[in-house]
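If you want the building blocks of each chain, they are given just below.
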Amino acid sequence: MGFLNALPGAVAQGLIWGIMAMGLYISYKILNIADLTVDGSICTGACVCATLLLNGCNVFLALLLAFLAGALTGLVTGLFHTLLGIPAILSGILTQLSLWSLNLKILGKANVSISSRSTTVLLTSLDNTNAILVAGVFCVLIVVGLFLFFYTEIGLSVKSTGDNPDMSEAQGVNVKFNTVLGLAISNGLVGLSGALLAQYQGFADINMGRGAIVIGLAAIIIGLSVSRKIKPNFVVSLIGVIGGSITYYLVYTFVIYLGLDTDLLKMLSALVVALFLALPHLKSEYFTKPKLPPELAAREENMGGKKDA
Amino acid sequence: MLEIKNLYKTFNPNTVNEKRALSDLNLHLAPGDFVTVIGGNGAGKSTMLNAISGVWKPDYGTIRINGVDVTNLPAFKRASLLCRVFQDPMKGTAPDMEIAENLAIAARRGTRRSLKWGCTRANREEYRALLAQLDLGLEDRLSTKVGLLSGGQRQAVTLVMATLKNPKLLLLDEHTAALDPKTAAKVLQITNKLVTENALTTMMVTHNMHDAIAYGNRLIMMSEGRIVVDVSGEEKKSLTIDQLLKLFEAGSGSAFVDDKEMLSR
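Protein chains in written order, with my numbering: chain A, 1 to 309; chain B, 1 to 265.
One or more hints might be untrue.
Heads up, simulated DSSO-like pairs for lysine-lysine below, C-alpha to C-alpha not over 30 angstroms straight-line [as the list claims (entries may be wrong)]:
| id | chain 1 | residue 1 | chain 2 | residue 2 |
| --- | --- | --- | --- | --- |
| 1 | B | K57 | A | K176 |
| 2 | A | K229 | B | K91 |
| 3 | B | K193 | A | K289 |
| 4 | A | K176 | B | K165 |
| 5 | B | K57 | B | K116 |
| 6 | A | K29 | A | K283 |
| 7 | B | K145 | A | K291 |
| 8 | B | K193 | A | K176 |
| 9 | A | K176 | B | K168 |
| 10 | B | K193 | B | K168 |
| 11 | A | K29 | B | K116 |
| 12 | B | K246 | A | K176 |
| 13 | B | K145 | A | K231 |
| 14 | A | K231 | A | K283 |
| 15 | B | K165 | A | K283 |
Just so you know, the hints here were simulated from the structure itself, not pulled from any lab data.
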């Protein structure tokens, strides 16, 4: 019974993290950049939202500003990378580190609680049905928004920037601008997800982003492994990513229910993601049988037969 | 159409590897010129194309395309004036995007990209007609990811992309060298068709002397960062490889050495 009772909570969290995973999908899958900013920007979204709500700000405005704050962090990483020529992965680490200080300044202390009794929040873990509904609506809106954007002229050129920067530049695409734009949108979504997460769990914590990229990657890998088999297009991929995120939280809830030491969860997540990232390599390196042409295959068989005889 | 004046470029300056790649290069192309470029290893062919397309800034000299001074313009801003096809078929297309989407990216070259629909149904019809000219059956595979095509097919798509917006200048950098002979011949035939039909000013670098003589209305040979042979018109039409090698010796003062060319004879 305990597990079944925890299911709605897992789905709600999965949907909220699904927004984060869609953000990560833009940087990781479309721009081809492993953007470590997300560990900081998800927390920035939460801190901005919590601080604004406690100061009596409208909840929708708070979400919008959390999105913009996240976008700003992506902008910084993007500029580190394109303008200053710092490798993308290091740019993300630098932004993430500086965000730790910044988040502490925004929040004022390490942990701030936003009680749903004293502040207006859109969703809370006390009412999971509502939380699923709200997070679900956000997911749908974002999938539609991203679908529309990535099929515009600018959106297509952002896709081609990640897919083949040389070709894009040759076709007059401003590759640097597009990289920054993509990272801003990506981290904006991550910030939004952080803001919803803070409302859902009723507090913002300075450490809440740690390892976020691993959860996001897990969601993407799980999701795409299924959605790719259905139809490898953009919308199906995004829906797959959300599904992957929900699956992650269902499994997460299940292993907690089984009584696993929660201290080990982060390590377990990392190992699962490592395994899935390694699979394509392992498959091609160790598990691919050479395909013999029919005449050779027949000869092999004959030789085998003679040996037996 | 293209005007290169006193162009200089030295790589790795002040080191033991210092290499003067372009040395007082001067070239003038008339509108509609189809120039083939040959030269030995390190003669400066690719360096010249890199300079024109803006991979880096030259040390000295100016480049004008269609009257516009592009010497200090970043590469993506030159894209409205010129287009380049590389030797590597993987370089000219985005593998994870559809054929139609690749063409749509190229179709917006030189225009400001907006939030308008990136690839409309009307666009797709237009691309279908363009691809049909290639006679490769690609017109029925508009939604296929380019990564699934063969090298020759990808290079053909790249050529359509390059000529889609009628660039003022088309640069072909050994664009058939990575293909097998049969495919290379087919791609070259498509090239000739697209270039002559659209009267594009074109520079084609090649290692194959037969092709260099057979195609285009003008032929230049490079050595040590300069142009040492420049023939056009009737003289080029009646050229033989032996004559060409003699001209090269006379122009550069040394025999023509190029292993790729020797092997391809």
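Violated hints, by number in ascending order, as checked against the structure: Those not satisfied are hints 3, 5, 8, 12 and 15.
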